[in-house]
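From first to last, the protein sequence lines are chains A and B. Just remember that the numbering used here sits 8 ahead of the position in the first sequence, which is counted from 1. Read in the numbering used here, the second sequence has 361 at position 365, and its numbers run on one by one without any break.
Think of the hints as simulated: they come from the structure by calculation, not from any bench. You may find that some hints are simply not true.
What the hints assert, rightly or not - No farther apart than 25 Å at their CA atoms in a straight line, the calculated lysine-lysine pairs in the PhoX-like style are these: (1) B:120 <-> A:203; (2) B:204 <-> A:97; (3) B:208 <-> A:97; (4) A:97 <-> B:378.
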Amino acid sequence: MLSLQNRKDILFLSILAAILLIVLPMGLDAFRLNLIGKYLTYAFVTIGLVACWGDSGILSLGQGIFFGLGGYCMAMFLKLQASTLEATKNQSTPGIPDFMDWNQITALPWFWKPFHSLSFSLIAMMVIPAVLAVVIGAAMFKRRVGGTYFAIITQAIASVLTILIVGQQGYIGGVNGITDLRTLDGWDIRTDHAKYILYYAGVVLLLACLLLLRFVRKSKLGRILRAMRDQEDRVRFSGYNVANFKIFIFALAAAMAGIGGALFTLEVGFMSPTFVGIVPSIEMVIYCAVGGRNSLVGAVYGTLLVNWARTSFSESFPEIWTFAMGGLFIAIVLFLPGGLASLYQNYIDPYVCRILKGNGRQTSHTVDKAI
Amino acid sequence: MPDKKTHLLKLQASRRQMLTGLSALSLSPFLSRVAYADAPSTAAVNTTGLAVTDDTVTVGILHSITGTMALSEIGSVEAEKLAIAQINESGGVLGRKIKFIQEDGASDWPTFAEKARKLLENDKCASVFGCWTSASRKAVLPVFEQYNGLLYYPTFYEGLEQSRNVIYTGQEATQQILAGLDWISKEKNAKTYYLLGSDYIWPRTANKIARKHIENHLKGSRVVGEEYFPLGDSQFNSVINKIKLMKPDVIYAIIVGGSNVAFYKQLKAAGLDLSKHNLMTISVTEDEILGIGGENIAGAYACMKYFQSIDTPDNKKFVAAFKKMWGEKSVIGDVTQAAYLGPWLWKLAVEKAGTFDISKVIDASPGVEFKNAPEGYVRIHKNHHLWSKTLVGRARTDGQFDVIYETPELMEPNPFPVGYQ
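Produce the complete structure using the sequences and hints provided.
So, in structure tokens, the structure goes:
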């Protein structure tokens, strides 16, 4: 017999899976579904933020770095595929990406060469963000830098990376980004059919990441992370190496953000430095806060809600939609400090517990610990 | 921060004016009811499922009206709305009134791509007027090619592009650069040039063209320095010191956006008097001077295809109509005028094709002439750019330009200039 908590987790995941895999594809046309697919790529970042921020107390304002790195790895692979000798025969140097030719670069730089390989690119989109996260984490957490200082430093790194990309336009496309991506190993990613497949692939990967994070949360590791969040010194005095646990969860979140970035590139068809900087990084923290920073599924719903609101407000009121978004955030902070998840917690959870045969009052506070 | 204030004032003014403008728009169907009577049937002029009804045709406007680019792009939006209102008053296109759907690109390139898809796939717009920066154009280009849409792009830009689905109503780089350099070389007997630019594709490509022209075509001339600054940079003292040391005959500046304010103020503070020192720019229009301040840039030469002060009846009519719709204080820069051309060129191409079908409109576009454009006679080249003149203007303290030179002939657009790459 499964415990109440496990039964609840299965219920929540099934509802989310049913919405994403059945309800939305049936109710929406190809264009709207592709937009949902785009929003879901941000959810890879926000569920990572739940693990880092909600569980472990590490607030990173630079998750855009990892999202962008993953996206750029995928974009570099796709750009090389699009830059065949045939397609680039009008350039002064055929066979290299068009923006390099515009910037008088005459040979493919060395760091582009491995991206001819799909398997390398797929590994790189997770490993490069994770390795960078380990480096940042080692530099910060080993020195016991945390809290606001850590948040500010991640923000500075996001800013540095944007400036680097914008400045090196001959090598990585500058402000324009890497555009006009066409095929993935011969498969045209721009057709409606491809968008459906990418959508389902994205949903399945997202559910897999959710399961992985649930596993982490329920394990002993997850309990240590929560203990660190609440009383870091006590955990340290108990003999645990706090820094290593933090580095691990930060790198895991970074790798997931990388997957999200790569999927984003596939869904949208280009990558640009607008996704690396400070603003998108903070926006992703907002999605997480709207959903509820202690709830994995809440973060997914939060991401969908904010982005859906942004799209529909800006379509209906192009002149004043930013005010509507601001109003939404203020309303959430004022009335739902715990995000959408607290709405659930306060009003729906007691009924769910009763239905799943348990005592709502006693168990409701454990909801945040799993899904 | 007096400059910011001016901008805000302008914005507020234009918001207020927008309301009066819109009410004027809603009157227009009553005024021109009569003209729609003998319109060709919808089945005949729309075979590809565009948003065309018996009395309306829907187009899209896609610019940033929020975010950092809003200040530049709002002028284009205003010009496009003015052109649409005027076309509707004069009877519409193929007997149909133009309705527009406006979307906000929010100064964010992926948002541009998303909204472009919406306008084409969902709204079935018969054409779209939009984009400003090269980055936003590059982001939407694959979308327009995939869905076979039609984009009218207003900004002067670096060239190196020619898409079947885009009509470029601004100048490509050689049109804007070559004649101006020839003029300053001859009139001012300039031999040494110092090239400056913001660090992205347009200034870099433009300076590459300028350098090749100076070195290969202007006898005895040379480039003595070339430097780039990050977008938004505000520290120009070190380069200004170098300029003072090297004393080039011409400072050739392609600095964009907010950096301009710092650059021209620091030039003035360093004692470089532009009434004695030659400075030529291709990036400062009347719009930018609002921020820079006329007193800081007076004396500089700008090379464009349009200035608000052009003294022709057609331009005076245009300026008056623009100010009536958007306020006395509004100014009209080169790009704003080029945006105004978009709806008119589309109307002329549709009427030439006799249908709204995008492929046929595109096929009909080369050779389309707009004789009474504010900038003068305009014709679409088969490479989808416009034949246009190049003017040299000299900035005045009141933020306007005196037109001091104009090429006698129209310049042929040449987006892939051989020998300049």
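Hint check results:
no. : hint            : in the structure
1   : B:120 <-> A:203 : holds (20 Å)
2   : B:204 <-> A:97  : holds (21 Å)
3   : B:208 <-> A:97  : holds (23 Å)
4   : A:97 <-> B:378  : holds (21 Å)
When the structure is compared with the earlier hints, no violation turns up for any of them.
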